[in-house]
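Going line by line, the protein sequences match chains S and A.
Under the working numbering, the first sequence has 637 at position 637, and the numbering climbs by one with no breaks.
Under the working numbering, the second sequence has 126 at position 126, and the numbering climbs by one with no breaks.
Source of the hints: derived by calculation from the structure; they are not laboratory data.
Treat the numbers as computed from the prediction; the structure is a model and nothing was measured.
All residues carry an ideal CB built from backbone N, CA and C; glycine is no exception.
Wrong hints could be hidden among the right ones.
[Claimed, not checked] Which chain A residues face chain S? A few, computed with CB under 7 Å, are given here:
#1 S73
#2 Y80
#3 Q84
#4 D87
#5 V88
#6 A91
#7 I95
#8 L114
#9 G117
[Said to hold, decoys possible] Here are some chain S residues the structure puts well away from chain A; computed CB gaps all over 10 Å:
#10 E128
#11 R162
#12 Q678
#13 Q696
[What the hints assert, rightly or not] Calculated lysine to any residue pairs in the SDA-like style (CA-CA distance at most 20 Å, straight line):
#14 K841(S) to P69(A)
#15 K841(S) to D35(A)
#16 K865(S) to K82(A)
#17 K139(A) to Q104(A)
#18 K41(A) to D845(S)
#19 K118(A) to Y861(S)
#20 K728(S) to N718(S)
#21 K881(S) to R121(A)
#22 K261(A) to M251(A)
#23 K847(S) to H74(A)
#24 K865(S) to S116(A)
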Amino acid sequence: MSARLCGPLQVDGSLSRGQGSHPWISDSGVWYVQIWVLENCSPLLTVFGARRGTHTQKVPLAACVHVCLAHVSRVQLGPPRWISFLGHVTEVYLVHLHASVYALFHRLYGMYPCNFVSFLRSHYSMKENLETFEEVVKPMMEHVRIHPELVTGSKDHELDPRRWKRLETHDVVIECAKISLDPTEASYEDGYSVSHQISARFPHRSADVSASSYVDTQNSYGNATSTPYSTSRLTLNTPGQLPQTLSSPSTRLLAEPPQATLWSPSAVCGMTTPPTSPGNVPPDLSHPYSKVFGTTGGKGTPLGTPATSPPPAPPCHSDDCVHLSLPQATAPKKEERTDSARPCLHRQPHVPNDRGLEELHGGKGSVTLSDLPGFLGDLASEEDSIEKDKEEAAISKELSEITTADAEPLVPRGGFDSPFYRDSLPGCPRKTLSASSSTQGTSANPEPLNSSLDKSGPDTPKQAFTPIDLPCGGTGESPAGNRERQASLEASILTPSPCKIPPQRGVGFGSGQPPPYDHLFEVALPKTAHHFVSKKTEELLKKAKGSAEEDFTPSASPMEVLDRLIQQGADVHSKELNRLSLPSKSVDWTHFGGSPPSDEIRTLRNQLLLLHNQLLYERFKRQQHALRNRRLLRKVIRASALEEHNAAMKDQLKLQEKDIQIWKISLQKEQARYNQLQEQRDTVVTQLHSQIRQLQHDREEFYNQSQELQTKLEDCRNMIAELRVELKKANSKVCHTELLLSQVSQKLSNSESVQQQMEFLNRQLLVLGEVNELYLEQLQNKHSDTTKEVEMMKAAYRKELEKNRSHVLQQNQRLDTCQKRILELESHLAKKDHLLLEQKKYLEDVKLQARGQLQAAESRYEAQKRITQVFELEILDLYGKLEKDGLLKKLEEQKPEAAEAAEERLDYCQDGCSDSVTGHNEEAPGRNGETKPSRPGGARGGGGGGGRGGGSSSELSTPEKPPNPRAGPFSSRWETVVGEPTSGTPTTVGSLPSSESFLGMKARELFRNKSESQCDEDGLTVGSLSETLKTELGKDSGVEARAPLTLDGPLLPAPKPDSVGQLRIMDYNEAQLEHS
Amino acid sequence: MTEDSQRNFRSVYYEKVGFRGVEEKKSLEILLKDDRLDIEKLCTFSQRFPLPSMYRALVWKVLLGILPPHHESHVQVMTYRKEQYSDVLHALKVIRFVSDATPQSEVYLYMHRLESGKLPRSPSFPLEPEDEVFLAIAKAMEEMVEDSVDCYWITRCFVNQLNSKYRDTLPQLPKAFEQYLNLEDSRLLSHLKACCAVSTLPYELWFKKCFAGCLPESSLQRIWDKVVSGSCKILVFVAVEILLTFKIKVMALNSAEKITKFLENVSVLCFT
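From just these sequences and the hints, can you work out the full model?
If you want it as structure tokens, here you go:
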């Protein structure tokens, strides 16, 4: 795009100048720039919108739009002198400007409806701008539907870049196209197609202003007749029915036709204004045209219209029409279905062409019919004959070419599926006709045109056209035309001549040049995508046929195409200019004197550039559409694939249905078989049933028999049971009899034995009898004495018996008493036992009690023992201390004598033995020079100190022991003996035991024995000593048995201080007791 | 029937109202009325119920064997005990081991040592751990028992019981303590273990001194009721309960020393 932007800028150096200044003051470069800007704006907009959609670009664009709109309006509103001053150049530019503004309008409205509308609202609400709005904006607005975004969207939402992100550039273009009502711009795709159709139909019925456009278009088509497209347009205006259609309400045109017939603005403009407008020309625009150029001058609406309506040259027209027809008529139908469309199309082709054209030509006036030829004719007539001829020839040539071209492509089209097949065929004759008519018209029409122009007031616009057309068509050719045109322009201020002028030129150019870019436009229309495919194929097929194909190829949207045609015309013009001989040119220029050729060339160049621009624009558009077409193609391919798939599926379905039928047949067979089998089974079942019945009967019989048998069996069993009972009875009888037998046998044996006894007894009886006889004899002899004795005996016996009885009684009584006594005693015993138990218990208690007390006492005793031990310890301690002191003193006093003893004592003391007594004991042997006794002394010392193990120490400490037991029992005896020394030497106990004391004596004895028996006999002496001690102890033990009882009382509380020895003795005593 | 009639008819309601001691006191009195006191019953009673303080000394003396089960011999035995006490005390005084200024608990200690034959050569001999246990118990006992003779005897017998009857069980108490603590609150135990405080816990204070000096005497009495009656496991439960009571504070302490210190001073905390 940037390249495109730069290109034109560089071409025209004057651009920069003009932008700041007023548009109409500035030179043509400014116009160029503005047009250029506008032309490029719309694609830019789409591209930018698709890419970014930033609103930053919107502002300058909006401003640009505003400026351009203002320019357009001003130019249009501006004083005619400006226009006149600017001349045709401005007009040409104006056309471009209009077109580009229109495009821009569409883009802006399509992409940013809310913003754009609000901009329009804000800007044109001002009164000063109202006019501009009426003239420029409003007409454009009539070409657009209400944008859905106006309802649903918002300003901010529109500017959202995301909105465009998914869309390609061509998508954006199509989106915009959907909004448009302009057939060239509009898209009939998707949901919009329906609305389009509706919109297409409604306006006609309602006879709205918008409808008129269609009328115009139709009319124009009618005028243009040559185009097959027109036929399609006039589908309803069937050849014979045309009048009907005009009158009949059923048709689309309804009210329109009359107008059209009356007034045929297109016819008026026909030549001048492009008939392409049917689709392209917005209703408003067409209306104004109709008003202006059409019948009544009253209707005449201002100049706003021209922009869209720049009329293309008739030949191009035809091309355009072909294109247009395709989108308008075919496209919607195609969408529905080709089949449905066909019938309509069949009719169409036949109908309109001949009659409609003729009628239109005839009825509506020369202008419409003449169209191209008329204008050409005009031009031709005005110009030199040679030139005319040339031109005529060229034009006719072109026309013929076009027609042929049209015809040629159309035929193949018809050949194919496309609905145009038939269209094309009838189209050919028409075109030929039209061509012929046009050719004829060229020769004949000029006059009527002129006359018409001259004649009628309302026709003045036409007049205005014509003059302009003339110059346009042959600017360079006829100065007169220029003049006239200028004059007409001057005369009619309102003339929208610019529109017509360009067409005129376009005609010229178009006729002269086959549109070089036509092929580019093929892609331009979205609707024709499918058609394009088919067409392409056709083209490929018929490429060989002619190069004119291009001509035939449909032109793009009307307004742009119109522009193009104009430009083509211009090209032609320039060509022709070139062809023209220089002199003629020069003559012309010189003749008129005004217009320098350079100027012309420049303008032309500018135009060329413009066209180039337009071309670029269109190319861009084409590319976008191509992209889109590719996509659509993909869709088509996919659809076809799906169709094929569908067909395949159908085939499969059929196959399956066949299968199903086969299965059904087999099913029936199976059912039949099944029935047969069932019947067989039934028969079998019945047979079996009868069998069963028989068997059952048999069974019953058997059953009865068995029952009888069973009863018999039971009888038998009963019999058997009875028999058994009898048997048992018999058995028992047998047993009984056996028993009886045995008894009897026993009895028998008994009786035998009894008999034997009896015999024996009998014998005895006999013997006794004999004895008795004998005794009787004896008795008889001694009977007298015995009776007294017996009596005596009896009496004695009785007495004795009585005595015994009484005795027994006594004895019994005694027994009773004894028994009683025993019982008493037993009870006593029990009592005593109980008492005993109680006593025992009590004893236990008492024992326990005593034990408790005893324990307490023992514990106390223990304590006492401990105390005494402690005391002993203490005392001994003290003694030790005392002795130490005493010894030290003695040592000082008797050093020489007792040195040894002292030393020994000291030694002993140093030994650590606290017992001083042992020391004394040691002393004795020490003196004797014997060290042996030191042992027992030491041991005894330990025993004394510890106070334990009296037993062990007692043996060793024998010399001391004896006194212990004696202390108690022999106290009386010893008191006298020991009393003195003990009392006398209480403090010196630790020293040598005095010779008088028992210990001393014993010690002496001991030592004496020792000395006597020498050291070797020590053991003996010790043994004897121990024996003596034992004997003494034996005596003591006897005493001691008594002693402890008595000791408890007096001894315990009386650790009398009379003698330490006694205390010690007691201690030992106790120890012994404990030990024992 | 006679017993019932002797009982207070309100006794049924006392427990409902919350005076638990009344009925117990009654039953204890009944128990004590028997001529030959049933020591087993007294044991179970003192294990199940707190002893009324007026009978505590008597029951303890009976349970510890200071008094025989026969009422008759009580007086005599008591005189013996008293005499023994005075004798020993006298002996100690004689050997100038104690003086009037010597604290009573130490006097008891020396008496005890004397009686067990372990009297040191001089009072200045350092104390052995056993002596410290004795001292602590004696101090606590001083607060509980008014009469010094009773106090001495009870202390002595109490310590003897600990040393003889519980000799085997006491060393196992720390283990039992850990076990029960684990059952009650394993987290606390793990905390203690983490602090290495388990081994340094004041087991001696708890199980050897039987909380003497650790708890106030009023509560100590009740614990010792159980100890005297023959169950030393009460010590474990008391220790566990102490730890649970002061769980939060113990958990807050992180070093073994702190924990031991804190637990040793629980008696102070009890009053605060």
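Cross-check of the supplied hints:
A least Cβ separation of about 5 Å between S73(A) and chain S falls short of the 7 Å threshold, and the interface hint therefore holds. Below 7 Å, beta-carbon pairs count as interface contacts, and Y80(A) has one with chain S at about 4 Å; its hint therefore holds. Given hint, Q84(A) at the interface with chain S, holds; its Cβ is 4 Å from that chain's nearest Cβ, closer than 7 Å. For D87(A), the suggested interface contact is upheld, since its CB lies about 6 Å from the closest CB of chain S, less than 7 Å.
Using the Cβ-Cβ criterion of 7 Å, the hint placing V88(A) at the interface with chain S is satisfied: the shortest such distance is roughly 5 Å. For the restraint placing A91(A) at the interface with chain S, the shortest Cβ-Cβ distance is roughly 4 Å, inside the 7 Å limit, so the hint holds. Restraint check, I95(A) versus chain S: the minimum CB separation of about 5 Å is within 7 Å; hint holds. At about 5 Å, the closest approach between the beta carbon of L114(A) and any beta carbon in chain S falls short of 7 Å, and the interface hint on this residue holds.
The criterion of a C-beta within 7 Å of any C-beta in chain S is met by G117(A), whose closest approach is roughly 6 Å, and the hint holds. Remark: the non-interface label on E128(S) is consistent with the geometry, its nearest Cβ contact in chain A lying 91 Å away (cut-off 10 Å). The Cβ of R162(S) sits about 62 Å from the closest Cβ of chain A, beyond the 10 Å cut-off, so the non-interface label holds. Remark: the non-interface label on Q678(S) is consistent with the geometry, its nearest Cβ contact in chain A lying 85 Å away (cut-off 10 Å).
With a cut of 10 Å on Cβ distances, Q696(S) stays outside the contact zone with chain A, its closest approach being about 86 Å. Annotation: proposed proximity of K841(S) to P69(A) holds, straight-line Cα distance about 15 Å (limit 20 Å). The suggested pairing of K841(S) with D35(A) holds, with an alpha-carbon distance near 13 Å, which does not exceed 20 Å. Annotation: proposed proximity of K865(S) to K82(A) holds, straight-line Cα distance about 16 Å (limit 20 Å).
For the suggested pair K139(A) and Q104(A), the alpha carbons sit about 8 Å apart, so the restraint of at most 20 Å is met. Between the alpha carbons of K41(A) and D845(S) the distance comes to roughly 18 Å, so the proposed pair stays at or under 20 Å and holds. For the suggested pair K118(A) and Y861(S), the alpha carbons sit about 17 Å apart, so the restraint of at most 20 Å is met. Between K728(S) and N718(S), the direct Cα distance comes to roughly 15 Å. Compliance with the 20 Å bound is thereby established for this hinted pair.
The straight-line distance between the Cα atoms of K881(S) and R121(A) is roughly 15 Å, inside the 20 Å bound, and the hint therefore holds. Of the supplied pair hints, the one linking K261(A) and M251(A) holds, its CA atoms being roughly 14 Å apart against a limit of 20 Å. With a C-alpha separation of about 14 Å, the suggested pairing of K847(S) with H74(A) holds against the 20 Å cut-off. With a CA separation close to 11 Å, the supplied pair K865(S) and S116(A) stays within the 20 Å bound.
Every hint from the earlier list agrees with this structure, and none is contradicted.
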